[in-house]
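Go by the hints and put chain B onto chain A.
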Amino acid sequence: MKRKISVILALLFLFLLFWAQWNWKHLSSFPSIISSFYSKEYCSCYFVVELSEDQCHDFARQWVPISEFKLDKENKSVTVKGLGRSNTAQFQSKEYGCTLLND
Amino acid sequence: MKKILILLIVLFTLQCGKDLSPFGGEPNVSALPKRLKPEWPSPDWKIVKPESVGVTSAKLKLVEEYAFTRTGDETDRKGRRTDAVVILRNGKLIYEKYARNFTEDKVHLTWSVSKSVLQTMYGIAVKQGLIKLDDPGYYHYEPLSRDEAHKKITIRHLLNMSSGLAAEEGYESGPLKSSVIAMLYTRGRKDMGSFCASLPLRAEPGTQVYYSSCDTNILSAILKKVYGAEEYDKLPFEKIFKPLGITNVTFERDGSGTYVGSSYLYMTARDLAKIGYLYLNDGVWNGERLLPEGWVTFTRTPAPGYKTTPYSDDLSQDNYTAHWYANTGIPNRGIHEPWPDAPNDTFAAIGHWGQMLYVIPSLDLVVVRFGDDREKAFIKNDFLKLIKESVIR
Numbered sequence: 001m002k003r004k005i006s007v008i009l010a011l012l013f014l015f016l017l018f019w020a021q022w023n024w025k026h027l028s029s030f031p032s033i034i035s036s037f038y039s040k041e042y043c044s045c046y047f048v049v050e051l052s053e054d055q056c057h058d059f060a061r062q063w064v065p066i067s068e069f070k071l072d073k074e075n076k077s078v079t080v081k082g083l084g085r086s087n088t089a090q091f092q093s094k095e096y097g098c099t100l101l102n103d
Numbered sequence: 001m002k003k004i005l006i007l008l009i010v011l012f013t014l015q016c017g018k019d020l021s022p023f024g025g026e027p028n029v030s031a032l033p034k035r036l037k038p039e040w041p042s043p044d045w046k047i048v049k050p051e052s053v054g055v056t057s058a059k060l061k062l063v064e065e066y067a068f069t070r071t072g073d074e075t076d077r078k079g080r081r082t083d084a085v086v087i088l089r090n091g092k093l094i095y096e097k098y099a100r101n102f103t104e105d106k107v108h109l110t111w112s113v114s115k116s117v118l119q120t121m122y123g124i125a126v127k128q129g130l131i132k133l134d135d136p137g138y139y140h141y142e143p144l145s146r147d148e149a150h151k152k153i154t155i156r157h158l159l160n161m162s163s164g165l166a167a168e169e170g171y172e173s174g175p176l177k178s179s180v181i182a183m184l185y186t187r188g189r190k191d192m193g194s195f196c197a198s199l200p201l202r203a204e205p206g207t208q209v210y211y212s213s214c215d216t217n218i219l220s221a222i223l224k225k226v227y228g229a230e231e232y233d234k235l236p237f238e239k240i241f242k243p244l245g246i247t248n249v250t251f252e253r254d255g256s257g258t259y260v261g262s263s264y265l266y267m268t269a270r271d272l273a274k275i276g277y278l279y280l281n282d283g284v285w286n287g288e289r290l291l292p293e294g295w296v297t298f299t300r301t302p303a304p305g306y307k308t309t310p311y312s313d314d315l316s317q318d319n320y321t322a323h324w325y326a327n328t329g330i331p332n333r334g335i336h337e338p339w340p341d342a343p344n345d346t347f348a349a350i351g352h353w354g355q356m357l358y359v360i361p362s363l364d365l366v367v368v369r370f371g372d373d374r375e376k377a378f379i380k381n382d383f384l385k386l387i388k389e390s391v392i393r
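Chains A and B, in that order, are what the protein sequence lines are.
The numbering of the first sequence is UniProt numbering, which starts it at 1 and goes up by one.
The numbering of the second sequence is UniProt numbering, which starts it at 1 and goes up by one.
Okay, chain A solo, but in the shape it has when bound (with noise of 0.2 Å):
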């Protein structure tokens, strides 16, 4: 009976390695989505929208919570850290709003 069990978990085991390795691209960058939706779509609320930061954080906010957030009003940016991952969207101009700075 216990040699199944083992058996079934290895099994079990070597099909979540496929399916991760199968996956892989996705599974990698997705711990970035938290902090890289937070930040860009802070910075758009706050700087462009010109919303408060209570709404901006109520827009902002996912099912996922955040682990640091710093708004920087002097150089127009937002840092989030998020599932790990940090990401920063910074303000450029009324014209062309936010942008995620890239990695």
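Please keep in mind that the hints were generated in silico from the structure rather than gathered at the bench.
Quantities reported herein were computed from a predicted structural model and do not represent experimental measurements.
Check the hints yourself; a few may be wrong.
[Claimed, not checked] Which chain B residues face chain A? A few, computed with CB under 8 Å, are given here: (1) Val107; (2) Ile131; (3) Lys177; (4) Tyr185; (5) Thr186; (6) Tyr232; (7) Phe251; (8) Tyr264; (9) Asp372; (10) Arg374; (11) Ala377.
[Claimed, not checked] Lysine to any residue pairs mimicking SDA-like chemistry, simulated, CA-CA at most 20 Å apart: (12) B:Lys78 <-> A:Gln55; (13) B:Lys78 <-> A:Ser29; (14) A:Lys94 <-> B:Glu230; (15) B:Lys242 <-> A:Tyr96; (16) A:Lys94 <-> B:Trp111; (17) B:Lys106 <-> A:Ser93; (18) B:Lys78 <-> A:Arg85; (19) B:Lys190 <-> A:Arg85; (20) B:Lys177 <-> A:Tyr96; (21) B:Lys242 <-> A:Arg3; (22) B:Lys92 <-> B:Glu230; (23) B:Lys177 <-> A:Glu95; (24) B:Lys78 <-> A:Pro65.
Note that CB positions come from ideal geometry on N, CA and C, so glycine has one too.
Chain B only, in chain A's frame:
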């Protein structure tokens, strides 16, 4: 055996001529009614009482009640969450209201309404003779020349959301494999056009409609090549916004300086109504033709690829004309009008989380609604029905 074969051939030929669709026929794209006295907003809309242009204020109250009654909890971002409604009749402003700290001077994120304004940029490029609808994309944009299949994608296919590229337009529901999220926030953000052009094909270009932000951002990247970076930077501001008197506007770009035509245009409700008014007037603004003859008909005609797109219940939700939506339905595909209680000639630009610009030529109406709906609580058909019922003559 021979007899059976002949019978099968006869049956097959009979079947070919038979209309198998539930409704049959082509979608009805009526001509725009002649507008005798356009009222150009210079510099802004003239404000009048609804009754003076044949609309009843009492019925407009019902529109307001529908749009501005909060039906959910703010902390959970549920229910109908309207930020702005602006209604124009006969070129005059008859209704305007804002909520959730928005005002007439505040721009709002339009999400995919941006796609319809990028389509305006194409109208201008076509009128200037810089680009033709049936040009293969690779003539202008090298990343689309990666193989023979990609070389078949034309500008028209892209505008009709029929490139055949295997994009995944999922947002919150399937973030892992969503190509639109990868394009905007991770793998594609540095250069969205080339990220999208590198996707494999799922169908022969032109044969299947699949709503895709990738198609739009390839179009945006093509325009950059056609105009050159310097002129492209000024293009929407000089060629669209300035003639229409729009000064308070933001159009964000990706890491390579290409407009994110799929998602990131910010406008006020009053100014977005001007885009609608340009289309209501067949692409003419203040006596000057900005968009080519026939462009608005192209805008209101369902994508030809629908004829061969496999049927699904989601089809009626798609962006099924040329980067705009129309209320024609696709009769020969068995697809109803998306808003059955609105006039059949209604056409629209529509964006994520409740952004809407409606043009209703038969009623001479332009309607803008902005919101932040995180669930599908705002029913477009109900809203449009109330607006239609407010018109008394």
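Violations among the numbered hints: 2, 6, 10, 11, 13, 18, 20, 21, 22 and 23
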